[in-house]
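Number of protein chains: 2
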Amino acid sequence: MRVVIIGAVACGTKTACRLKRLRPDAEIVLIDKDEFISYGGCGMPYYLTEDVSHIDELRRTIFYVLRDEKFFQEIKGITTLTKTLAEEIDRKKKVVKVRYLESGKMEEIPYDKLVIATGSVPKIPPIPGVNLDGVFTLSNLHDAIKIKERLVSKKVERPLVIGAGFIGLEVVEAFGESWELPVTLLEYFPQVLPRFIDPFISRIIENHLKTKGVNVVLNARIKEIVGENGKVKGVRTENGFYPADLVLLATGVKPNTELAKKAGLFVSPNTEGIVVNERMQTSDPDIYAGGDCVEIKHLITGKGVVMPMGSLANRQGRVIATNIAGGKATFKGTVGAFILKCFDMAIGGCGLSLEIALSEGFKDATYALNIQHERAHFFSTGYSYYSLVFDKRTTKVLGFQTVGPFTDGTLARVHAISSILPSTPTIEEISSLELPYSPPFNTALDPIHVTSFIAENIIYERFKPIAWDEIIERLKKKDDKMLIIDVRNPNEVKDITQKYPNWINIPYQEARRKIKDLPRDKDLVVVCSVGARAYEAARWLINEGFKNVYVALGGIILPKSWGVEF
Amino acid sequence: MRVVIIGAVACGTKTACRLKRLRPDAEIVLIDKDEFISYGGCGMPYYLTEDVSHIDELRRTIFYVLRDEKFFQEIKGITTLTKTLAEEIDRKKKVVKVRYLESGKMEEIPYDKLVIATGSVPKIPPIPGVNLDGVFTLSNLHDAIKIKERLVSKKVERPLVIGAGFIGLEVVEAFGESWELPVTLLEYFPQVLPRFIDPFISRIIENHLKTKGVNVVLNARIKEIVGENGKVKGVRTENGFYPADLVLLATGVKPNTELAKKAGLFVSPNTEGIVVNERMQTSDPDIYAGGDCVEIKHLITGKGVVMPMGSLANRQGRVIATNIAGGKATFKGTVGAFILKCFDMAIGGCGLSLEIALSEGFKDATYALNIQHERAHFFSTGYSYYSLVFDKRTTKVLGFQTVGPFTDGTLARVHAISSILPSTPTIEEISSLELPYSPPFNTALDPIHVTSFIAENIIYERFKPIAWDEIIERLKKKDDKMLIIDVRNPNEVKDITQKYPNWINIPYQEARRKIKDLPRDKDLVVVCSVGARAYEAARWLINEGFKNVYVALGGIILPKSWGVEF
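The listed protein sequences correspond, in order, to chains A and B. Numbering-wise, the first sequence is residues 1 to 566 according to full-length UniProt numbering. Numbering-wise, the second sequence is residues 1 to 566 according to full-length UniProt numbering.
There's no promise every hint is true.
Note that the list lumps identical chains together, so a pair holds whenever it fits in one copy or between two copies.
For lysine to any residue, the following SDA-like pairs were computed, each having C-alpha atoms within a straight-line distance of at most 25 Å [said to hold, decoys possible]:
| hint | residue 1 | residue 2 |
| --- | --- | --- |
| 1 | Lys94 | His298 |
| 2 | Lys105 | Glu87 |
| 3 | Lys76 | Leu483 |
| 4 | Lys262 | Glu102 |
| 5 | Lys76 | Glu510 |
| 6 | Lys332 | Asp391 |
Keep in mind the hints are simulated off the structure, nothing from the lab.
Could you build the full structure based on these sequences and the hints that come with them?
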């Protein structure tokens, strides 16, 4: 059996190596247009931060062998053709036409089974100046090397990143933290991590970026990347000019499917990804595809999506290898689990954000927000924020987002939720999860439990949530229909009640006795630090017959974490 | 509705508070024989380590209010009777007979619904000397206070802990690390954490304890705790005498069910726990029970177990409150998830250990072991160890164990596995889990995936595993039927091949070419650092027609982590 694999970064090399282990007799040809193959692409931002001291660290096995052409050829026994471009697939003849880029020579390579793992290409925004010297993407090791060279040779004083997605945020940290450079971040959408994270969480990240000295510019409508003598000088938006001597385009990627299209394979018009079945076969059963170039099923919406994640590419490569070797393996789809480090924060999630859930037709989608220390207070590293997005009617969980201090605590919570999310659990199933407990790691009821309890209380309408955006808006308008009942201790409240006439302090300890006399014609908004005491006081108010009782979702810690000052 | 709750630590107070929030009109009476109620019992070891500076830190809410009788009485509106012993339940009259311990006065308290949350009592070994001055258990705050007083007043020079379970290991750390005392740990079984952790993992912990200066004595058959003038002087076992001026009995707990038995409620003869249904009702539907005193269903064996864990007690309290309030909530059972810190290590797991799985009748139970850095090597904190216990015939997962550096990485993996374990996943379902990935947190294929891949390779018999115990035994016997093929780099192997004639080095890079000439009549045992290269080389050997090819499970890092020197 002769298997040709086009693309040798994540999915392609995983397929090749696993297949060789399963079927040592198989003849495998691995083709890549680049000289760098089988590298840890997700580690590139850490080459910029200098956590990775040499680019080869991203190319080595854990036992320090460089994964180059020779490694695959000699150690793995896989015919490996680097600097070789696959130009065409002739499905009738079952050959791949390749061009050896150094010699220019062409050759036809026959296959019994073919694997397309051509990855993705960066989306370049349609603006002038993208080809100026000093404008980069970070889509392969060459990019990483070039950017690092500029940093090392002190040629960068004012870096600018366009796009506040995963890569954008990781690179902003590299520039800001490791190189101590004043970095500007331009984002088209009104928030960082659009689509993945909802605004009530993303503002926490924005504020963190600002405290780290990053110039965060949202709603940035870029007109032009401005140059002088061919070199980048800055970026002009509808509202201003941002000087820069290095611009990183982190505006996303799209599937690299030219070859597949030309071969007549079915490519999704919606996502531009190659269509594959659960066994990762394309519309031609002898041709498999995996990694960033394919469309996969989103397990919450049921729709096709492109999800360019290294972890998925590796798992897909394994599935392809098993199937080519004669086994039966499937890749069912994705819940879009992600995690990233951004300065001192860990950010993670899975499933749908509230915004996407609503836009995907989940009209009863809402969310519960929990703020707490992720572990016992005597081991605490500070506040973490957890949000479960769910359908209030069916009580099904739709998504989960969390930010917190840079520990593995965030990983732990996303690991748990993303593990069960494909089975579309209800909120009750989340609150019934068995999770281990010990004070150095978490709380007796894990943050996941507490978040699901808040969701349950929303589902059963035990309290009416109110968003801080609305509270702040009504405060600004001096809306005297609203009365804020702040149940924190007097020393926590400080002078806030003097500043706002419709903000009164009734300490939690006294609230049960004192609430009876509150006005019955107002919207009573109960607030505390994180929401627990407010919820309890709200229950007392409801028991006393008060009708319009609201609990601020997240407590006052939430707007404070956005940078709001009262 | 009048609800009486006996026991006010974890389950009891959770029931009371939640019920009051759901039904503010309910009349709730909370009874406890102690003055200390509603405290974080799992935090007691950290009071001994001094992470918790004052005992009241274990009694406070997150917003610094002491959870004492007054707090429950005045703030929560719950009638709270401390220092009050529930002596008898008259189910016909529906009253609880209580004795006020200070006055000696008796009273009958009527109930509509009753909750038994009487917790557990320490198991005291049947040996002489347990009542000597200086012999303690750590079952409540009084114990913690007394032990801490001795430590603070420098009365402890040689502490000794009996029992290497969760509490035992946590307290050993407190004595050894925080107080820098030479501590002895005696354990009846031939390993630490018996039943929960299998020996190939527990030996890693034992070696860690030894490197921290702990005198670990396994297989300890204790004859007597020896005293002089009423004070403890040491512990005598069948094999020796261990001097000690403080002895902690950490020999487990048993359900406190005297009251329930006397009331004629059904108590399991096997586990001694009160029998409850999924709604946490006892054999009397008006009486609920929860926490350490009940028997719950083990979700892997289907059998009743007693699982004294604070996290379960809290969740059960919530279920009881919901049901009493008229809702429908269930507690389905447990997979026994646990986590603990022990010096610089995090230890966690869920489900069954291999030993227990075999003893519970899973005759095809076996395990896969994975050793790897839990995150990208440029963020590494060192090796972690992961073991999946599974049924080789059904491929169902039975349990999971892990030890690693003290990060939340261990929590993350147990969170993921324990979340899905109740649905009795197959190994393939574990290898298909979607888990988020980023280099600061994990590897592209998470350690969970890699462990499940090893399990798959065992299921499909892609390699024959061999345990290090057997290898070491055969090395000792100079068994020349065995030939060890060490595929590490020559600099990793050092002089080991000179020491053992049947241990040869064929570096991985050269192995494909050189293996052909190996003897065909021997048991070839392929080893490397962690097992990955050995597995691949074994596949090459099998492809060359070699029959008796074995891969050392875990690589040479495993016995080294046990303290074995080659």
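Right, here's what the structure says about each hint:
1. Lys94 with His298: Answer is neither: 32 Å inside a copy and 55 Å across each miss the 25 Å cutoff.
2. Lys105 with Glu87: within (12 Å within a copy, 94 Å between copies)
3. Lys76 with Leu483: The answer is between: 24 Å across copies meets 25 Å, while 71 Å in one copy does not.
4. Lys262 with Glu102: Within one copy only: 24 Å inside a chain, 89 Å across chains, cut-off 25 Å.
5. Lys76 with Glu510: between (72 Å within a copy, 10 Å between copies)
6. Lys332 with Asp391: Cα proximity of Lys332 and Asp391: in one copy and across copies (23 Å, 24 Å).
Of the numbered hints listed earlier, the single one contradicted by the structure is hint 1.
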